[in-house]
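Throw the hints in and build the complete structure from the sequences for me.
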Amino acid sequence: MKRRFFTFCALAATALSVPAAALASEPTLPASPAAAEPKSWYRPRHLVLQTGGGLGMVAVGAGYTYLNDKVETDILLGYVPKKFAGSTLTLASAKLLYSPFTVRLSDQWQVKPVSVGAYLSYTHGTLNDEERGQYTKDYYWFSSDTRYGPLAGGRVTYVRPTKGNGRPRTVSLYYDLSSNDLYLHSYLTNTKGLSISQILVLGLGVKVDF
Amino acid sequence: MSRGFRFRTPSSLLLLTAALALGSCDKLEFSPNDYRAPAEERALTEKNLGRLQQMPLPVGQDTLRFIFTGDSQRFYDEVDDLVASANQQPGISFFVVAGDISDFGFAKEMRWINEKLRQLKVPYVTVIGNHDSVGNGREAYKEIFGPLNYSFIYGDTKFIMVDTNGREYNFDGQVPNMPWLNRELSNLGGARRQVVISHVPPQDADFDPALQAPYAQALRETKSLVFQMNGHRHSSSITQPYKDGVWYVNADAFSERQYMVVSVWGDKQFRVKQIKF
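Chains A and B, in that order, are what the protein sequence lines are. This note's numbering applies: residue 6 is where the first sequence begins, and numbers increase by one. This note's numbering applies: residue -4 is where the second sequence begins, and numbers increase by one.
Be a bit skeptical, because a hint or two may be false.
Listed below are the simulated DSS-like cross-link pairs for lysine-lysine, each with C-alpha atoms no more than 30 Å apart in a straight line [said to hold, decoys possible]: (1) B:Lys22 - A:Lys75; (2) B:Lys137 - A:Lys197; (3) A:Lys197 - B:Lys271; (4) A:Lys197 - B:Lys22; (5) A:Lys87 - B:Lys42; (6) B:Lys268 - A:Lys197; (7) A:Lys87 - B:Lys111; (8) A:Lys88 - B:Lys111; (9) B:Lys263 - B:Lys42; (10) B:Lys22 - A:Lys87; (11) A:Lys142 - B:Lys137; (12) A:Lys88 - B:Lys137; (13) A:Lys87 - B:Lys137; (14) A:Lys88 - B:Lys42; (15) A:Lys197 - B:Lys42; (16) A:Lys88 - B:Lys22.
Partial selection, computed: residues in chain B whose CB lies under 7 Å from chain A [what the hints assert, rightly or not]: (17) Glu24; (18) Phe25; (19) Asp29; (20) Arg31; (21) Arg69; (22) Asp72; (23) Val78; (24) Phe99; (25) Val129; (26) Gly130; (27) Asn165.
The set of hints was computed from the structure by calculation and includes no laboratory data. Source: prediction; values computed, not measured. Cβ coordinates follow ideal geometry from the N, Cα and C atoms, glycine included.
Right, here's the structure in full:
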């Protein structure tokens, strides 16, 4: 269990370091009023509030965008109350998303019709969670706490008037459909007995640039 | 671009999103451990036992016949054929799954199995398995099915369903709950004979070693016991491991594509027929 947690941390750290590297390679800061207030590379570009998606009843987080806003990484902290899962769960998650297209409907409205990506989450607070010596090695081949899986979705963005510092101030509503490793494993070993729709999980959220 | 267009498109997209959300509340999963489910998919043990009591054996019929199966555990491809075959069997009163309904202890898996098993003509009952106990599985099992230890009487027979997944409690000496089991065994409640059903058999390494002897002894001393039934091993057998006159019946998993039609009558007579599907 410990080893899995370290793997998770290492992966999360890698996910976080990607935007840092991308931003660090930007040669110049924009010649706008923002120059007066330089962006630090570690400052998150947006805040996130999400429900569902297997990442919490409520999950809050922050994220980075890079590669011309096409790629983003979000780090989320989620919460599930005891009455919905048997124990109070805290979930630490990382999402990586690639959105190749932005459709500008007007000055204020944009749509990113397709986002694809993956997530990784670690759940703290599960009940029967492998005490030392409880099982022989590989008694259960899966982790009860670490989940990962693909996701795909889209979003609608409202562009608010730019503030003096030139930073984009957008508000996006997004959805994503995802599945986790164990649901996928269930489906892939039972393509006759289960349908794709049974293993899909919906997530809904708001993303605010700031 | 007209103002109308500007607003209509995003609004319709928002409406679409809202419709998607409302139509998929069930998909809005907080965690794989999230066990929320519609009312008809909760407390299934109580509901199935309720159905069973609505269809009592005809007066004067002594023979009770039921289907006994083992672990359904991520064998979804096999369930439809199993249900079709079981529905062909004449004179069946109910259907038993001897634990490991799920593989990962998720409510969703239990609901996937229920979606198929509810196509059975007869009600089905379950007992909790070790895989149903992983993570928050026990809580999910309680929500979707019901109590971990329970009993019911049907066709002059008392069925005692008991959690024997000792390893899942790190062998704390409490599982199986011997005081509860002894109370149940000592009270026939008007029935003529009794049957104990659990997931892990007592001679298995996943049964609490400290309780193996007391468990076997309790069964040996129960004169009205027809047999003890298990799953877990994915392999069918009818043996007397303790050579003490107590029969232990182990079912195949769904993956073995074989189930048992069990008939009991008289004081403790029984016959088991293996059916391939």
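Right, here's what the structure says about each hint:
{"no.": "1", "hint": "B:Lys22 - A:Lys75", "verdict": "holds, 27 Å"}
{"no.": "2", "hint": "B:Lys137 - A:Lys197", "verdict": "holds, 28 Å"}
{"no.": "3", "hint": "A:Lys197 - B:Lys271", "verdict": "holds, 19 Å"}
{"no.": "4", "hint": "A:Lys197 - B:Lys22", "verdict": "holds, 21 Å"}
{"no.": "5", "hint": "A:Lys87 - B:Lys42", "verdict": "holds, 25 Å"}
{"no.": "6", "hint": "B:Lys268 - A:Lys197", "verdict": "holds, 28 Å"}
{"no.": "7", "hint": "A:Lys87 - B:Lys111", "verdict": "holds, 29 Å"}
{"no.": "8", "hint": "A:Lys88 - B:Lys111", "verdict": "holds, 27 Å"}
{"no.": "9", "hint": "B:Lys263 - B:Lys42", "verdict": "holds, 28 Å"}
{"no.": "10", "hint": "B:Lys22 - A:Lys87", "verdict": "holds, 19 Å"}
{"no.": "11", "hint": "A:Lys142 - B:Lys137", "verdict": "holds, 28 Å"}
{"no.": "12", "hint": "A:Lys88 - B:Lys137", "verdict": "holds, 12 Å"}
{"no.": "13", "hint": "A:Lys87 - B:Lys137", "verdict": "holds, 14 Å"}
{"no.": "14", "hint": "A:Lys88 - B:Lys42", "verdict": "holds, 22 Å"}
{"no.": "15", "hint": "A:Lys197 - B:Lys42", "verdict": "holds, 28 Å"}
{"no.": "16", "hint": "A:Lys88 - B:Lys22", "verdict": "holds, 18 Å"}
{"no.": "17", "hint": "Glu24", "verdict": "holds, 5 Å"}
{"no.": "18", "hint": "Phe25", "verdict": "holds, 4 Å"}
{"no.": "19", "hint": "Asp29", "verdict": "holds, 5 Å"}
{"no.": "20", "hint": "Arg31", "verdict": "holds, 6 Å"}
{"no.": "21", "hint": "Arg69", "verdict": "holds, 6 Å"}
{"no.": "22", "hint": "Asp72", "verdict": "holds, 4 Å"}
{"no.": "23", "hint": "Val78", "verdict": "violated, 11 Å"}
{"no.": "24", "hint": "Phe99", "verdict": "holds, 5 Å"}
{"no.": "25", "hint": "Val129", "verdict": "holds, 6 Å"}
{"no.": "26", "hint": "Gly130", "verdict": "holds, 4 Å"}
{"no.": "27", "hint": "Asn165", "verdict": "holds, 5 Å"}
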